[in-house]
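**Student:** Chains as they are written, first to last, in my numbering: chain A, 15 to 775; chain B, -13 to 308; chain C, 11 to 198.
If you are wondering where the hints come from, they were derived from the structure by calculation, not from laboratory data. There's no promise every hint is true.
[Unchecked claim] In silico EDC-like links for lysine to aspartate or glutamate, alpha-carbon gap of 20 angstroms or less:
no., chain 1, residue 1, chain 2, residue 2
1, A, Lys745, C, Glu43
2, B, Lys134, B, Glu107
3, A, Lys697, C, Glu56
4, C, Lys138, A, Asp54
5, C, Lys197, A, Asp54
6, C, Lys197, A, Glu329
7, C, Lys122, B, Asp64
8, C, Lys54, A, Glu259
9, A, Lys89, C, Asp151
10, C, Lys197, A, Asp319
11, A, Lys78, C, Glu43
12, A, Lys55, C, Glu139
13, C, Lys197, A, Glu259
14, C, Lys197, A, Glu711
15, C, Lys54, A, Glu719
16, C, Lys194, A, Asp258
17, A, Lys774, A, Asp724
18, C, Lys197, A, Asp258
19, C, Lys168, C, Glu65
20, A, Lys241, C, Asp151
21, A, Lys55, C, Glu133
22, C, Lys178, B, Asp233
23, C, Lys122, B, Glu107
24, A, Lys388, A, Asp605
25, C, Lys194, A, Glu259
26, B, Lys127, B, Glu107
27, C, Lys194, A, Glu719
28, A, Lys697, A, Glu711
29, A, Lys745, C, Asp42
30, A, Lys560, A, Asp166
31, A, Lys636, A, Asp258
32, C, Lys54, A, Asp258
33, A, Lys241, C, Glu172
34, A, Lys692, C, Glu56
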Amino acid sequence: MAYFQARRDFLKLATKSATATVLIPGSLGALGEVALRGEDKFVRSICEMCSSRCPMEARVINGKTVLLQGNAFAKEMGTSLCAKGVAGSSQLYDSQRLVSPLIRVGKRGENRWREASFEEALNLVSTKLSALKERYGARSVIFSSKTGEHYDLLRSFASAFGSPNVFSHWSSCPIAIESAFHHTFGEKLHRDFENATYILNFGHNLFEGLDISLTKAMAHFCANPSKKLVVLDPRFSIIAAKADEWHSIKPGSDLAFVLALLHVWIRDGKFDHTFVEQYTIGFDALVDAVKETTPQWQQTRTGIDASVVERIAAELYAATPRCIIDWGHKATTTQAEFQRSRAILIANILMGNVEKEGGIYLTKSAKRVNALAKESIVPELNDPFPRLQINEPRIDGAGEEGAYCFVSKQHGVLTAIPEAILSQKPYEIKGWFLTRHNPLITVADPQKMKEAMEQLEFIVVNDIYLSDTAMMADVILPECTYLERDEGISTLTCKVPTYAMRNKIVAPLHENKSAIEIIRALAERMGYGSHYAWKNSSELRAFQAKGNAELLQTLLLRGVASFDVPFFCARESSLVERFCERYPKSRAWVDAQGCFGHLLTHLKTPSGKIEIYCDAVEKIFKGYGVPRSVDMDVSQGLPYVLTSGKSAVHTNGHTQNVPYLSRLLSSNPIWMHPSTAKAHGLKMGDTFYLQNAIAKEKATVFITEGIRPDTLFAYMGFGRDAPSLARTHGKGTNVSKFLSLASAPICGAMITNVGVNIIKA
Amino acid sequence: MSPMWGSVEQYSAIHWSWAIAIYLFLAGLSSGSIIVALLVKWNRHERSNSSIWDAMIKAGSVVAPVAIFLGLLILVIDLGRPLSFYWLLIRYNITSVMSLGVLFLLIYTPIVMVFMLLVFERTVIKYPFFAPLESLINVVKSFHSYAKIIEYFLFGAALCVGSYTGFLLSALYAIPLWNSPLLPILFLTSSLSSGVAVNILIGLLFFKSTINPESIKYLLVLDTRVILTELPLLGLFFIGLFYAGGDVSHAAKMALTEGFWAGIFWFGVIGVGLGLPLITVIIALRSHVYRVGYVVINSMVVILGVLMLRYYIIYAGQIYLG
Amino acid sequence: MGKQYRLIYDENLCIGCQACSVACRVENSVPDEVYRLQVHLHTKGEFPNLGMNFERLSCVMCENPPCVSVCPTNASFQSKDGLVHIDERACIACKYCILACPYHARFINPLKNVVEKCNFCYETRVSKELLPACVSICPTDALSFGDMRHKHSLVHQKSHKEVLVFPKAHLGTKPKVAFIPNRKGMKS
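Excised from the complex, chain A in its bound form:
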């Protein structure tokens, strides 16, 4: 490819322009005359230390990464990066990384291996998978992956192979809110934190689960005395500490609070009547559903005083439309998850903040912007990962008739896997291909999951570390880290169309290959080569960009590409006018109010409008058509609720063994209120047992005022059984072990709040 040849020149260019780039914030330019040395090189790419995929930049000296930081070409990033992102080099140079393919020699899970060449390992995988397909059918193999390009690759490969059983991590994470959006708007919306003046937050912990651009916006919001943040969280998290008001809500009861808000607004007629009338359907059903959900009613469920609801309802209404009721990322989560998420979305709708500055907005994708402008202002991409239609039932019944009919076939219900394998219903499962996915840490009831995995004939895992899940594999294919590989173009669009690309920063240090290389090589060996229009990452990029050399050059040089499209909210006439001035043909869409109102009446919902009431849902799940009170109990009759979440220095399962991060936080003692600790005779650092019907596990105690007396809290991702993760092995408690495989109705979300007992050791 011509563009690829030119790459070296671009990198030289990148070096020269870098001085200017890094000087933007803080403007140190006037400080001195010394220029960067020639060997300093800057490469821009996308971070992979968590799934936020922030654009980043590496400073490379003599072929070794020096500092990783944010990519200032992405305006909202600046040079910022989180602790995990900066520790990317620590993972790169980690001696405990997987450095060659491993083939199991002991019993499954025994952790005895022999090293093999990639050639041998890939041959073995392709032979085994083909044999399984031959013998039990393609559907007998499960494919699961973390989201991102890995998932697109694997899903495409699974379809070529012929299996319907593809899973993403969604059902263990954001599936409830995704499902709520799907049923309300037909697509996902974003929050305009920058311009909001009032935010009600249900524990969306952007200061410990970082996504740089959102975190930065939220930090500036909190530091601004003229704005107000209210946080509802059983724990005094960092975002609670930064809030103007914190209410330690009873775990799982967010829904009750939101229903009471809706009740107050409707009771007083204080909501955006025009918006509701013009753009939504089913408001009357909501009026009926929240008739009884008074502030007093919620008080007994949430523990928050009725007067607080009244006050917050009034404050939010006064702040309309620049107010946001934040739905979070991965929610609290409870049986009531679907209803909670829908109720929050509908609260936003009643405040009329949709497509308003400081409110919530639709993704301004390339396709949407081009259609509005009636010209091609932003290049659109080819999909390099073709998927064939598979007409086979899935093992979890996702998207098929039954309990999971509304769960996307693309993502599935992870918690349904163990039962399906063990019971061999609806059919036999014999193999599992996991790429960068660690269900033994991140999915409920890993005990059962492990039992199920033991029944399988063949497991192949692609990972960077020999994780708990990798330990169960027959073949481990070591992937190179994100700093050592090229990937295709990914879309980062929120306010304006934006693309980003993962560019190789250093040559692979070991024998490792990228997922693209691994999957493509397997496809070739198994006779699916023609499935793909590309043979390697450079061809993939060229195909994806439709040969647009300029786009690729920009992405190689800058890591991100945006197209100077002005941001607009469809219901802000001044912003719409600005857009029209730039792209005159778009005036054809402007309605009487000077807005792009059609965007909100041609949604992908059945009615095309915003659906407060979902007829499709009501038909199958009676009472679920509008948000209403459902079972919110998370304690299951046990005295304490165990909650979990992230710290700013770790993800839910991948980073615990990364040297620099392990040093910052190496275990997860359980947060406990002093009165609770006293009642059980526990002192700081004491060992005790947590117990429920599913597990009894050792834990240590961290005593803090920052949690409700009836609630416990732990950081995710500890309690690792894999000895190869030497730094983190055996430290802390794996809280997934207490979670039940029963998932939340309709959305299939894993439930991560669970009742436990404290037993003295």
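Based on these hints, arrange chains B and C on the given structure of chain A.
**Tutor:** Relative to chain A, chains B and C alone:
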């Protein structure tokens, strides 16, 4: 928040440990013993050789060089980079008490050696074993005419060494327990008391001398006097800290009440180092029993008390920061 | 005339995420278990009336540095720009400066056996017109760095807009690191 910022050990580490405490003790002992020896020489030296006074001078002239050499050896070994200690001799920083200390020691150590040789020149000549030193003795002999000046000079240098160890600590305002103008005086006083004690002890044990109840009584009273100046100084030291307010008074309170080091202070410094000798002296003076044993034990506990004071100040200072 | 560097830490923007700490480690190859920079979080109050303070620990680059005045070999020295540096060659690791520092900013580098501390990334970054690693990396723009002589610098502007607190100012050390104290009190 449960800590997620990693190890905090470096913020509470003990940077100066037992080696420094022992060095401070030995430097004090050295200067104290030579000061005491000189005072005795100037005021009490009757030419009758076998008196306790003569023994004390001999003891002082031996203890001082031995203690300072031992102390410096420990000090250099305790450095993070012992082999780079020569930088101390090449580069000086006059605002650094440590650097000034190096200067003092550079003056003090050779003179203390010369003094020892002057005191022992006849002994050295007597033994063939010391023959190689003869030429040195001859050089020293040439100093004879300057003996008095050397002694005065030595006295001054010893005062500097004895008090610099106090200034070394009191210069650090980051450490409340050290940052007191009384600390140098306290250290100097306790150096003197250890000097008295060590000279008596070494004199009695190694430089056989006649001793009579009169001189025993005198020595016991001398000890008491030194202790009686030390006690109020310690009192003033802490009172000063208390009235400094804020972190300083909090640190002082902690240092007197919390944990192991408060125990060392009350039982070691006060009880053993000051209380015990006082009690023995009072009993001896009351009952008019003047045994050599009393003097020996008394001297030993005084020395132990001084050592514990150095230990206490070094550790408690770094632990209790307010 | 030398530079007048200043680093401002805004406690209101800091979220205690430790990105600065890791960036510092990476940039300066700080060995395991020691830190040139940490941010501590302190929860105060009683449930449910709680607050949280954020505290940044590192060298504050004193105008009157006690570490420099106590160093017997001049290994700790102040540059003409007023920054305090360590000449590793002449450091005998007597630890006198560690004890003299009221900010606990100094420690022994266990690999090199010399005293170490924050140097504002002078050699690797500031002298090359790059911001110190911690400032550059901060996810929430809680740190700003620059030369006070320049009216347009962020630090100059912030210094005039905000109330700055200089840590342990009563000691007369005149730090170049200032902080903007937490405006959020206790929650009720």
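**Student:** Please go over all the hints and tell whether each is borne out by the structure.
**Tutor:** Taking the hints in turn, this is what the structure says about them:
no., hint, in the structure
1, A:Lys745 <-> C:Glu43, "18 angstroms, holds"
2, B:Lys134 <-> B:Glu107, "16 angstroms, holds"
3, A:Lys697 <-> C:Glu56, "18 angstroms, holds"
4, C:Lys138 <-> A:Asp54, "11 angstroms, holds"
5, C:Lys197 <-> A:Asp54, "48 angstroms, violated"
6, C:Lys197 <-> A:Glu329, "18 angstroms, holds"
7, C:Lys122 <-> B:Asp64, "16 angstroms, holds"
8, C:Lys54 <-> A:Glu259, "15 angstroms, holds"
9, A:Lys89 <-> C:Asp151, "13 angstroms, holds"
10, C:Lys197 <-> A:Asp319, "15 angstroms, holds"
11, A:Lys78 <-> C:Glu43, "23 angstroms, violated"
12, A:Lys55 <-> C:Glu139, "15 angstroms, holds"
13, C:Lys197 <-> A:Glu259, "6 angstroms, holds"
14, C:Lys197 <-> A:Glu711, "34 angstroms, violated"
15, C:Lys54 <-> A:Glu719, "8 angstroms, holds"
16, C:Lys194 <-> A:Asp258, "7 angstroms, holds"
17, A:Lys774 <-> A:Asp724, "17 angstroms, holds"
18, C:Lys197 <-> A:Asp258, "7 angstroms, holds"
19, C:Lys168 <-> C:Glu65, "19 angstroms, holds"
20, A:Lys241 <-> C:Asp151, "18 angstroms, holds"
21, A:Lys55 <-> C:Glu133, "17 angstroms, holds"
22, C:Lys178 <-> B:Asp233, "11 angstroms, holds"
23, C:Lys122 <-> B:Glu107, "48 angstroms, violated"
24, A:Lys388 <-> A:Asp605, "16 angstroms, holds"
25, C:Lys194 <-> A:Glu259, "10 angstroms, holds"
26, B:Lys127 <-> B:Glu107, "8 angstroms, holds"
27, C:Lys194 <-> A:Glu719, "18 angstroms, holds"
28, A:Lys697 <-> A:Glu711, "18 angstroms, holds"
29, A:Lys745 <-> C:Asp42, "19 angstroms, holds"
30, A:Lys560 <-> A:Asp166, "18 angstroms, holds"
31, A:Lys636 <-> A:Asp258, "39 angstroms, violated"
32, C:Lys54 <-> A:Asp258, "16 angstroms, holds"
33, A:Lys241 <-> C:Glu172, "18 angstroms, holds"
34, A:Lys692 <-> C:Glu56, "15 angstroms, holds"
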